[in-house]
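Participant: Respectively, the protein sequence lines represent chains F and Z.
Each residue of the first sequence is one higher than the one before, starting from 1 at the first, in the numbering used here.
Each residue of the second sequence is one higher than the one before, starting from 1001 at the first, in the numbering used here.
Keep in mind the hints are simulated off the structure, nothing from the lab.
Relax, there's no trap hidden among the hints.
Pairs of lysine to aspartate or glutamate, EDC-like flavour, derived with a Cα cap of 20 Å: (1) K71/F / D1016/Z; (2) K197/F / D1039/Z; (3) K424/F / E377/F.
Listed next, with one range per pair, are the computed distances between beta-carbon atoms: (4) Q1065/Z / D8/F: 22 to 32 Å; (5) N1081/Z / Q151/F: 48 to 58 Å; (6) I153/F / P1028/Z: 36 to 46 Å; (7) T1002/Z / D349/F: 43 to 53 Å; (8) A446/F / P1028/Z: 47 to 57 Å; (9) R160/F / E1012/Z: 50 to 60 Å; (10) G353/F / P1028/Z: 40 to 50 Å.
Beta carbons are placed, not taken as given, at the ideal position from N, Cα and C, and that holds for glycine.
Read off the chains here:
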Amino acid sequence: MNTRSHYDVAIIGAGMSGLAAGIRLAHFGKKVCIFERHNAVGGLNSFYSIAGRKFDVGLHAMTNFVRPGVKGTPLTKLLRQLRIERDEFALCEQKQSRIAFGPRGETSLRFTNDFAVLEAEVAARFPAQIDGFRALTAAVRSYDDVSLDAQPISAREVVRRHLADPLLEDMLFCPLMYYGSATERDMEFGQFVIMFKALFLEGFARPFEGVRLVLRVLLEKYRAAGGERRMKCGVKQIVTREGRATALVLDSGEEITADHVISSIGAPETERLCRAGFTPDRSGLNPDLQVGRLSFVETITILNRQPAALGWGSDTIIFFNDAERFDYARPAGRVDPRSGVICLPNNFDFGPGRELSEGVFRVTCLANYDPWAALPEEAYRAEKARVFAEVQRSARRFLPAVDDATLADATLTTDMFTPRTITKFTGHFGGAIYGAPVKHRQGRTALSNLYLCGTDQGFLGIVGAMLSGISMANYHILQRG
Amino acid sequence: MTKDECKQVVLEIIADIAPDEDLSNVKPDVRLRDQLQLDSMDFLDIVMELRKRHSIEVPEKDYMQLASLDSCAEYLTPKFNALPAKS
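Working from the sequences, and respecting the hints, build out all of it.
Facilitator: Below you can see the structure in the form of structure tokens.
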């Protein structure tokens, strides 16, 4: 015997997936502790304050929205498994979103939380493709996307069996890729199905207070169930012996032990904790440990008026592209402004007379980690300012025109994250928000009592992240008694 | 415990894990799956809540005994009555 802390389960990372796993385990009487390196929870979906103003990061919208009474979808499963009442999240629906392609968004497909809207838009813009689109939708609906041992197939190949127009194909892939794909240019079909359902067949919503409310609900459930949480307390090493994780060494040097360890920090990131001298595999020789190649920048502009006052009141999210073929890949330069995502969080339907106190205009574009990582501090700041302007200028082409002076006058402050910010605050190698390209559906690692959850287990989006934590806690620990 | 009380215990558990289901007209002789939207995750939760709240163990080979309220009562009532009396 020793005096070190011992837990039934230790969880690394207090993001959505780690918190969800923790709630399940604590609820069923396991002695659980979550170790989080930062002083804030949420991981990739969190918030921070600058000068008293709170900025949300990650979450644009909660995907997978279904109205009360619709059952058997990811959102319903999640609420049941975590014993969350629907009203606790108080979800407000999007107004409408758009996929806009062409230099000024000439080809546009609107979608809402009613799938019939997208179907009608496809029929109107791509009449020759509507039968194929319906057949594709049927294939998506009947696919078993929660199977933990499905064989990977190319989504591009499946989609091309149904659709002959590359423009429509790209327009459908654009939102699905931006909201969760860790692979370039193509997706695994199972991931495509999950995202198609999450965005198109289900939909977007958010609580009035945004991600903060989701995190508060999760924390309260976890605390009430008796879970422990240690903040500013990262794990720097996983001690292994005979194929098992035997102890965790914390940043402070303290050691703790646990029967089971669940890591939400990513597959190569977890491997590094197990093996001294491990460096991420950029060569691709060991595909299981590849680092994701996709990273992002996001510009955040805080406005002194609602976006509607600028004529930007109708769209909640806009997925845009003006390249001839949509190129979801690591850019050659620091950023690829040709495509991206605009989020106007004010444009959710918060109910009569209720609006966010300030306007928010966010734009996300693909970025390349390496050139950002190498910059000295002063040059980094200068590049941020330059790229901010480039990204915002590109995105504004897809919104009703507002002249520069008016936008400048409406702007209270701005901020921006880069691939470097992502690595600093989440620990993800390469600023890879969506993690490594190879997912580990069963969450297994080389160690018999160490499991993965979250991004690299491969359920996508914030609802997916929580379901990942739930599934791994159930599958590896609770079902075994 | 009577069989009716046992059914009540099971219904209370279902009400907590699936608050969005209407339990006012559950037929005791019809499979729960056929009248409520419960998936395998929900059935696992019924088993785990029985263990957590009532110290009743249901081994995996007996899960089919929980198919309907009647079969739950048949299977679980003797287990409840075999529990050591609470002091």
